[in-house]
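In terms of the numbering used here, the sequence shown is numbered consecutively and its last residue is 282.
If you are wondering where the hints come from, they were derived from the structure by calculation, not from laboratory data. Predicted model, so just to flag it, every value in this text is computed and none were measured. Possibly wrong hints are sitting among the right ones.
Claimed, not checked - Derived lysine-lysine pairs resembling DSS-like cross-links, with alpha carbons at most 25 Å apart:
1. Lys94 - Lys70
2. Lys117 - Lys94
3. Lys207 - Lys164
4. Lys36 - Lys186
5. Lys164 - Lys36
6. Lys36 - Lys117
7. Lys70 - Lys36
8. Lys22 - Lys94
9. Lys22 - Lys70
10. Lys36 - Lys94
11. Lys186 - Lys94
12. Lys117 - Lys22
13. Lys68 - Lys36
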Amino acid sequence: MTDYENSPELKGTLLGQETQYKDQYDASLLFPIARKLNRDELNIDEATLPFYGEDTWTGYELSWLNNKGKPQVAVAEFVFPCQSSHIIESKSFKLYLNSFNQTRFASQEIVQDLLVKDLSAGCNAPVEVRIYGPEVFNCIANTPMPGVCIDDLDIEVDCYDLNKQLLQLAPSQNTVTETLHSHLLKSNCLITSQPDWASIVIRYTGKQICHESLLRYLISFRSHNEFHEQCVERIYCDIQQQLGISELEVYARYTRRGGLDINPFRSNRQNKTSFSLKINRQ
1 MTDYENSPEL KGTLLGQETQ YKDQYDASLL FPIARKLNRD ELNIDEATLP FYGEDTWTGY
61 ELSWLNNKGK PQVAVAEFVF PCQSSHIIES KSFKLYLNSF NQTRFASQEI VQDLLVKDLS
121 AGCNAPVEVR IYGPEVFNCI ANTPMPGVCI DDLDIEVDCY DLNKQLLQLA PSQNTVTETL
181 HSHLLKSNCL ITSQPDWASI VIRYTGKQIC HESLLRYLIS FRSHNEFHEQ CVERIYCDIQ
241 QQLGISELEV YARYTRRGGL DINPFRSNRQ NKTSFSLKIN RQ
(Lines of atoms letter the chains of each structure in order from A; the text may use other names.)
(Lines give C-alpha, C1' and ligand atoms only; values in the text may rest on other atoms or scores of the structure.)
Protein backbone atom coordinates (compact mmCIF):
# COMPACT_ATOMS: atom_id res chain seq x y z
CA MET A 1 0.00 0.00 0.00
CA THR A 2 1.30 3.47 -0.87
CA ASP A 3 2.71 5.34 2.14
CA TYR A 4 0.98 8.71 1.87
CA GLU A 5 1.63 9.61 5.49
CA ASN A 6 5.31 10.12 4.73
CA SER A 7 4.82 11.36 1.19
CA PRO A 8 6.50 14.70 0.41
CA GLU A 9 3.29 15.68 -1.44
CA LEU A 10 1.48 15.95 1.90
CA LYS A 11 4.07 17.91 3.84
CA GLY A 12 2.77 21.24 5.06
CA THR A 13 -0.84 20.58 3.99
CA LEU A 14 -4.07 20.77 6.02
CA LEU A 15 -4.84 17.09 5.57
CA GLY A 16 -5.36 15.22 8.83
CA GLN A 17 -5.17 18.47 10.84
CA GLU A 18 -7.75 20.56 12.67
CA THR A 19 -8.88 23.21 10.19
CA GLN A 20 -10.50 26.63 10.33
CA TYR A 21 -13.14 26.81 7.61
CA LYS A 22 -12.97 29.71 5.16
CA ASP A 23 -16.20 31.15 3.76
CA GLN A 24 -14.68 33.39 1.07
CA TYR A 25 -13.81 31.83 -2.27
CA ASP A 26 -10.30 30.34 -2.27
CA ALA A 27 -9.19 27.99 -5.05
CA SER A 28 -5.86 27.39 -3.31
CA LEU A 29 -7.67 25.11 -0.83
CA LEU A 30 -7.86 22.36 -3.45
CA PHE A 31 -5.22 19.69 -2.91
CA PRO A 32 -4.47 17.40 -5.89
CA ILE A 33 -2.89 13.97 -5.33
CA ALA A 34 -1.19 12.10 -8.17
CA ARG A 35 -3.01 8.93 -9.23
CA LYS A 36 0.41 7.54 -10.17
CA LEU A 37 1.32 7.01 -6.51
CA ASN A 38 -1.17 4.16 -6.21
CA ARG A 39 -1.14 2.96 -9.81
CA ASP A 40 2.57 2.15 -9.61
CA GLU A 41 1.74 -0.38 -6.90
CA LEU A 42 -0.87 -1.98 -9.18
CA ASN A 43 1.59 -2.00 -12.12
CA ILE A 44 -0.68 0.29 -14.11
CA ASP A 45 1.03 2.21 -16.91
CA GLU A 46 -0.69 5.60 -17.07
CA ALA A 47 0.23 5.91 -20.75
CA THR A 48 -1.83 2.79 -21.57
CA LEU A 49 -4.51 2.49 -18.89
CA PRO A 50 -6.19 -0.96 -18.78
CA PHE A 51 -9.60 0.66 -18.34
CA TYR A 52 -11.85 3.60 -19.16
CA GLY A 53 -14.02 5.38 -16.63
CA GLU A 54 -14.71 8.32 -14.42
CA ASP A 55 -15.20 9.41 -10.82
CA THR A 56 -18.58 11.04 -10.25
CA TRP A 57 -18.86 13.15 -7.10
CA THR A 58 -22.08 14.63 -5.74
CA GLY A 59 -21.86 17.82 -3.69
CA TYR A 60 -25.02 18.15 -1.59
CA GLU A 61 -24.05 21.35 0.23
CA LEU A 62 -23.13 23.91 -2.42
CA SER A 63 -24.14 27.49 -1.55
CA TRP A 64 -23.17 31.06 -2.42
CA LEU A 65 -24.62 34.60 -2.30
CA ASN A 66 -26.16 36.46 -5.21
CA ASN A 67 -25.25 40.09 -5.91
CA LYS A 68 -27.80 41.28 -3.33
CA GLY A 69 -26.34 39.02 -0.63
CA LYS A 70 -29.18 36.48 -0.75
CA PRO A 71 -28.06 32.83 -0.23
CA GLN A 72 -28.39 30.42 -3.12
CA VAL A 73 -28.35 26.63 -2.58
CA ALA A 74 -27.73 23.81 -5.02
CA VAL A 75 -26.58 20.24 -5.50
CA ALA A 76 -23.69 19.75 -7.90
CA GLU A 77 -22.40 16.76 -9.83
CA PHE A 78 -18.70 16.63 -10.71
CA VAL A 79 -17.32 14.12 -13.22
CA PHE A 80 -13.54 13.53 -13.23
CA PRO A 81 -12.09 11.37 -16.05
CA CYS A 82 -9.98 8.45 -14.86
CA GLN A 83 -7.32 9.57 -17.36
CA SER A 84 -6.60 12.67 -15.22
CA SER A 85 -3.14 12.71 -13.70
CA HIS A 86 -4.49 13.73 -10.28
CA ILE A 87 -7.47 13.27 -7.99
CA ILE A 88 -8.72 15.95 -5.59
CA GLU A 89 -8.36 14.99 -1.95
CA SER A 90 -11.86 14.96 -0.45
CA LYS A 91 -11.23 17.13 2.63
CA SER A 92 -9.67 19.83 0.49
CA PHE A 93 -12.65 19.59 -1.87
CA LYS A 94 -15.03 20.18 1.07
CA LEU A 95 -12.99 23.15 2.26
CA TYR A 96 -12.96 24.58 -1.26
CA LEU A 97 -16.75 24.26 -1.68
CA ASN A 98 -17.28 25.77 1.75
CA SER A 99 -15.31 28.84 0.64
CA PHE A 100 -18.17 29.75 -1.73
CA ASN A 101 -20.63 30.22 1.16
CA GLN A 102 -20.18 33.96 1.78
CA THR A 103 -18.94 34.93 -1.69
CA ARG A 104 -21.15 36.93 -4.07
CA PHE A 105 -21.63 35.79 -7.66
CA ALA A 106 -23.83 37.38 -10.30
CA SER A 107 -25.21 34.06 -11.58
CA GLN A 108 -25.22 30.30 -11.25
CA GLU A 109 -23.44 30.09 -14.59
CA ILE A 110 -20.48 32.02 -13.20
CA VAL A 111 -20.26 29.60 -10.25
CA GLN A 112 -20.39 26.62 -12.61
CA ASP A 113 -17.69 28.05 -14.90
CA LEU A 114 -15.46 28.74 -11.91
CA LEU A 115 -15.88 25.18 -10.60
CA VAL A 116 -15.01 23.77 -14.02
CA LYS A 117 -11.89 25.96 -14.30
CA ASP A 118 -10.53 25.24 -10.80
CA LEU A 119 -11.23 21.51 -10.74
CA SER A 120 -9.91 20.95 -14.27
CA ALA A 121 -6.71 22.76 -13.33
CA GLY A 122 -6.42 20.72 -10.13
CA CYS A 123 -6.76 17.29 -11.71
CA ASN A 124 -5.06 18.27 -14.98
CA ALA A 125 -7.99 17.18 -17.18
CA PRO A 126 -11.41 18.49 -18.26
CA VAL A 127 -13.99 18.15 -15.48
CA GLU A 128 -17.75 18.21 -16.11
CA VAL A 129 -19.89 20.17 -13.62
CA ARG A 130 -23.68 20.18 -13.46
CA ILE A 131 -25.56 22.30 -10.92
CA TYR A 132 -29.12 21.49 -9.81
CA GLY A 133 -31.25 24.12 -8.07
CA PRO A 134 -33.93 23.58 -5.41
CA GLU A 135 -36.65 23.27 -8.05
CA VAL A 136 -35.34 19.75 -8.89
CA PHE A 137 -34.23 18.63 -5.44
CA ASN A 138 -37.23 16.30 -5.23
CA CYS A 139 -35.98 14.55 -8.37
CA ILE A 140 -32.57 13.71 -6.90
CA ALA A 141 -32.43 10.01 -6.17
CA ASN A 142 -30.07 7.07 -6.37
CA THR A 143 -30.93 4.52 -9.02
CA PRO A 144 -31.41 0.96 -7.66
CA MET A 145 -28.33 -1.23 -7.81
CA PRO A 146 -28.64 -3.56 -10.82
CA GLY A 147 -28.17 -7.31 -10.91
CA VAL A 148 -28.10 -10.00 -8.24
CA CYS A 149 -27.25 -9.09 -4.65
CA ILE A 150 -24.74 -11.55 -3.17
CA ASP A 151 -25.03 -10.31 0.43
CA ASP A 152 -27.44 -13.04 1.54
CA LEU A 153 -24.98 -15.86 0.82
CA ASP A 154 -24.50 -17.94 3.97
CA ILE A 155 -20.71 -17.82 4.25
CA GLU A 156 -18.19 -17.94 7.07
CA VAL A 157 -15.71 -15.06 7.10
CA ASP A 158 -12.41 -14.91 8.96
CA CYS A 159 -10.35 -12.58 6.74
CA TYR A 160 -10.65 -8.81 7.15
CA ASP A 161 -7.29 -7.92 5.61
CA LEU A 162 -7.15 -7.39 1.86
CA ASN A 163 -6.50 -10.69 0.09
CA LYS A 164 -6.93 -11.05 -3.67
CA GLN A 165 -6.18 -14.78 -3.39
CA LEU A 166 -9.74 -15.20 -2.10
CA LEU A 167 -11.05 -14.66 -5.64
CA GLN A 168 -11.94 -17.94 -7.36
CA LEU A 169 -13.84 -19.15 -10.39
CA ALA A 170 -16.98 -21.24 -9.97
CA PRO A 171 -16.37 -25.02 -10.23
CA SER A 172 -18.36 -25.24 -13.48
CA GLN A 173 -16.25 -22.51 -15.15
CA ASN A 174 -19.13 -21.84 -17.52
CA THR A 175 -18.85 -18.65 -19.58
CA VAL A 176 -21.52 -16.21 -18.43
CA THR A 177 -22.56 -12.59 -18.57
CA GLU A 178 -23.85 -11.41 -15.21
CA THR A 179 -24.22 -8.41 -12.96
CA LEU A 180 -23.61 -8.74 -9.22
CA HIS A 181 -23.78 -6.21 -6.41
CA SER A 182 -23.02 -5.98 -2.71
CA HIS A 183 -23.61 -3.40 0.00
CA LEU A 184 -20.88 -4.79 2.28
CA LEU A 185 -17.83 -2.96 0.94
CA LYS A 186 -16.09 -0.98 3.67
CA SER A 187 -12.61 0.51 3.62
CA ASN A 188 -10.88 3.33 5.48
CA CYS A 189 -9.60 6.74 4.42
CA LEU A 190 -5.88 6.61 3.73
CA ILE A 191 -5.29 9.93 5.50
CA THR A 192 -7.72 9.97 8.45
CA SER A 193 -8.59 6.24 8.80
CA GLN A 194 -12.28 7.19 8.94
CA PRO A 195 -14.54 4.41 7.62
CA ASP A 196 -15.83 4.63 4.05
CA TRP A 197 -18.97 2.63 3.19
CA ALA A 198 -20.04 1.65 -0.32
CA SER A 199 -22.30 -0.43 -2.49
CA ILE A 200 -20.50 -2.00 -5.43
CA VAL A 201 -21.63 -3.35 -8.80
CA ILE A 202 -19.56 -5.82 -10.84
CA ARG A 203 -20.71 -6.62 -14.38
CA TYR A 204 -18.65 -9.04 -16.43
CA THR A 205 -18.47 -11.56 -19.24
CA GLY A 206 -16.15 -14.53 -18.78
CA LYS A 207 -15.80 -17.72 -16.83
CA GLN A 208 -18.25 -17.55 -13.93
CA ILE A 209 -16.93 -16.05 -10.71
CA CYS A 210 -17.62 -17.96 -7.53
CA HIS A 211 -20.07 -15.65 -5.76
CA GLU A 212 -18.99 -16.74 -2.28
CA SER A 213 -15.34 -16.03 -3.07
CA LEU A 214 -16.20 -12.61 -4.47
CA LEU A 215 -18.13 -11.69 -1.32
CA ARG A 216 -15.25 -12.83 0.91
CA TYR A 217 -12.84 -10.78 -1.20
CA LEU A 218 -14.95 -7.63 -0.92
CA ILE A 219 -15.26 -8.10 2.84
CA SER A 220 -11.46 -8.38 3.07
CA PHE A 221 -11.27 -4.63 2.35
CA ARG A 222 -12.78 -4.00 5.80
CA SER A 223 -9.48 -2.98 7.44
CA HIS A 224 -7.83 -1.67 4.27
CA ASN A 225 -6.75 1.99 4.03
CA GLU A 226 -7.08 3.46 0.54
CA PHE A 227 -8.92 6.21 -1.32
CA HIS A 228 -12.27 5.38 -2.97
CA GLU A 229 -10.92 5.65 -6.50
CA GLN A 230 -7.95 3.44 -5.65
CA CYS A 231 -10.15 0.73 -4.11
CA VAL A 232 -12.21 0.48 -7.30
CA GLU A 233 -9.11 0.30 -9.49
CA ARG A 234 -7.67 -2.38 -7.22
CA ILE A 235 -10.87 -4.44 -7.39
CA TYR A 236 -10.91 -4.07 -11.18
CA CYS A 237 -7.26 -5.13 -11.55
CA ASP A 238 -7.52 -8.01 -9.05
CA ILE A 239 -10.55 -9.53 -10.80
CA GLN A 240 -8.95 -9.22 -14.24
CA GLN A 241 -5.56 -10.54 -13.17
CA GLN A 242 -6.74 -13.33 -10.86
CA LEU A 243 -9.66 -14.59 -12.95
CA GLY A 244 -8.89 -13.53 -16.52
CA ILE A 245 -12.24 -11.85 -17.09
CA SER A 246 -12.63 -10.65 -20.70
CA GLU A 247 -15.22 -7.89 -20.22
CA LEU A 248 -15.45 -6.09 -16.88
CA GLU A 249 -17.15 -3.08 -15.32
CA VAL A 250 -16.80 -2.04 -11.67
CA TYR A 251 -18.80 0.75 -10.08
CA ALA A 252 -18.88 1.80 -6.41
CA ARG A 253 -21.37 4.17 -4.82
CA TYR A 254 -19.91 5.49 -1.56
CA THR A 255 -22.12 7.08 1.08
CA ARG A 256 -21.68 10.80 1.54
CA ARG A 257 -19.32 12.23 4.14
CA GLY A 258 -19.17 15.97 4.82
CA GLY A 259 -21.70 16.66 2.08
CA LEU A 260 -19.78 14.78 -0.65
CA ASP A 261 -20.03 11.31 -2.07
CA ILE A 262 -17.67 9.66 -4.57
CA ASN A 263 -18.73 7.12 -7.19
CA PRO A 264 -15.85 5.67 -9.25
CA PHE A 265 -16.50 3.60 -12.38
CA ARG A 266 -13.97 1.54 -14.37
CA SER A 267 -14.57 -0.53 -17.51
CA ASN A 268 -12.66 -2.03 -20.40
CA ARG A 269 -15.43 -0.74 -22.67
CA GLN A 270 -15.10 2.88 -23.73
CA ASN A 271 -18.80 3.73 -23.61
CA LYS A 272 -20.04 5.23 -20.36
CA THR A 273 -22.45 3.21 -18.27
CA SER A 274 -25.75 4.13 -16.67
CA PHE A 275 -24.15 3.16 -13.33
CA SER A 276 -22.61 6.64 -13.21
CA LEU A 277 -25.96 8.43 -13.39
CA LYS A 278 -26.47 9.46 -9.80
CA ILE A 279 -29.11 12.13 -10.39
CA ASN A 280 -32.34 11.28 -12.16
CA ARG A 281 -34.53 14.05 -13.47
CA GLN A 282 -38.12 12.83 -13.40
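Structure-based check of each hint:
no.	hint	in the structure
1	Lys94 - Lys70	holds, 22 Å
2	Lys117 - Lys94	holds, 17 Å
3	Lys207 - Lys164	holds, 17 Å
4	Lys36 - Lys186	holds, 23 Å
5	Lys164 - Lys36	holds, 21 Å
6	Lys36 - Lys117	holds, 23 Å
7	Lys70 - Lys36	violated, 42 Å
8	Lys22 - Lys94	holds, 11 Å
9	Lys22 - Lys70	holds, 19 Å
10	Lys36 - Lys94	holds, 23 Å
11	Lys186 - Lys94	holds, 21 Å
12	Lys117 - Lys22	holds, 20 Å
13	Lys68 - Lys36	violated, 45 Å
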